[in-house]
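J.: Sequence:
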Amino acid sequence: MWEQIANGELLRIAPWVATPRDYFEQLPTYERQRLKVIAAGKSVHKAIMIGKSAARLWGIWVLPPFGEKIEMARQSKSLPVKTKIPADYDYRKTHLPDNMVSEQLGTRCTTVARACIDIARHHSFEEGLVAMDSALAKELTTKEELRRTLTAMGRVHGAPQARKAIEHAIAHSESPFESYFRGIAIAEKLGEKVVAQYFIPPNFRADACIDDAVVIEIDGAVKYDGSSFGKSAEQTIVEERRREKLIQNRGLIVLRYSPRELLTERARVVREVRQALEAAQQRGWSQSTGPFTSKKAG
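Its first residue numbered 140, the sequence shown is counted upward by one per residue in our numbering.
A few of these clues could be false.
[As the list claims (entries may be wrong)] Derived DEER-like restraints, expressed as beta-carbon distance ranges:
no.	residue 1	residue 2	range
1	TYR169	THR290	30 to 36 angstroms
2	ARG151	GLU404	32 to 38 angstroms
3	ARG344	ARG286	25 to 31 angstroms
4	ILE144	ARG344	46 to 52 angstroms
5	ARG395	GLY245	37 to 43 angstroms
6	TYR162	HIS184	20 to 26 angstroms
7	ARG399	LEU244	25 to 31 angstroms
8	LYS223	LYS277	55 to 61 angstroms
9	LYS277	THR403	23 to 29 angstroms
10	LYS223	TRP141	48 to 54 angstroms
11	LYS223	ARG286	49 to 55 angstroms
These are computed hints drawn from the structure, not numbers from a lab. Cβ atoms here follow ideal geometry from the backbone N, Cα and C, with glycine treated the same way.
Let the hints inform the model, and build the full structure from the sequences given.
T.: Next comes the structure, spelled out in structure tokens:
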């Protein structure tokens with residue numbers, strides 16, 4: 140194995156696990172990260188995957204793994220010697236009772252509810268909301284279980300933002316970046332009401348709408364790859380622009396953002412949404428005067 144690693148045929152993805160380089164490099168980024176989590180679980184037998192690493196095992200939405208470490212803990216609450224911990228491993232000293240530990244894909248990990256809560260606690264309200272939306276949509280947990288799990292954890296760091304994520308989590312978000320934008324809007328106090336999957340008569344749905352005035356659409360590269368929906372990229376763009384114009388003709392302001400913009404240009408996105416909301420207010424547009432009843436499309 141070591142010779143194959145040396146010549147580049149195999150890629151070492153954990154202390155005692157290697158995989159064919161060609162196979163690994165053709166995987167989507169999220170699949171690579173999940174494979175690294177599984178490999179870590181096989182290499183560190185006393186560890187339990189937590190947070191984002193546990194979420195990846197359960198197939199729950201996690202934002203792109205830029206610099207993401209393998210998150211783990213021991214039930215004993217002890218930590219290994221620092222010099223023996225790989226640079227991309229993040230051990231956390233945390234209490235893990237038996238009823239919050241499970242197994243997925245042959246790897247010990249926290250339960251879905253605990254994983255979602257830990258993401259909100261250790262990372263951010265927004266990322267916790269992404270995970271919880273996904274878990275609820277996949278029916279892997281319930282709000283009741285999330286609340287019960289957080290209560291059982293007692294007074295822990297980050298509990299307020301986990302509680303806030305539970306409060307705002309929904310089961311009908313259709314993508315991680317729809318959830319992430321909603322989290323940004325809530326965290327930044329953009330408007331008074333943020334509605335996901337906003338219904339616009341006669342048969343339109345927007346990713347989100349704030350105060351029945353500003354529609355937010357999240358663009359995804361998959362829409363324009365020419366194969367996912369059986370349409371050419373040009374046809375998809377033309378149809379989306381036509382749809383956008385029809386929505387604008389109903390008096391709504393439409394803003395479009397890519398996932399990358401949400402991740403790397405948050406301040407600009409927040410500023411532009413605030414400006415759009417102010418423009419809507421200046422022309423007398425508000426929740427009370429908006430043309431539609433906010434609801435999920437049926």
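J.: Each hint: holds or not?
T.: Against the structure, the hints:
Checking the proposed 30 to 36 angstroms range against TYR169 and THR290 shows it holds: the Cβ atoms sit about 31 angstroms from each other. The supplied range of 32 to 38 angstroms is met by ARG151 and GLU404, whose beta-carbon atoms lie about 35 angstroms from each other. Between ARG344 and ARG286 the Cβ separation comes to about 29 angstroms, which falls inside the hinted range of 25 to 31 angstroms. A C-beta distance of roughly 49 angstroms is found between ILE144 and ARG344, which places it inside the suggested range of 46 to 52 angstroms.
In this structure the hint that ARG395 and GLY245 lie 37 to 43 angstroms apart at CB holds, the actual value being about 41 angstroms. Take TYR162 and HIS184: their Cβ atoms lie about 25 angstroms apart, and the range 20 to 26 angstroms holds. In this structure the hint that ARG399 and LEU244 lie 25 to 31 angstroms apart at CB holds, the actual value being about 29 angstroms. The beta-carbon spacing between LYS223 and LYS277, approximately 36 angstroms, falls outside the hinted interval of 55 to 61 angstroms.
Between LYS277 and THR403, the C-beta spacing of about 28 angstroms keeps the proposed range 23 to 29 angstroms intact. Under the hint 48 to 54 angstroms, the C-beta atoms of LYS223 and TRP141, about 20 angstroms apart, miss the expected range. For the hinted restraint 49 to 55 angstroms between LYS223 and ARG286, the CB-CB distance of approximately 38 angstroms leaves it violated.
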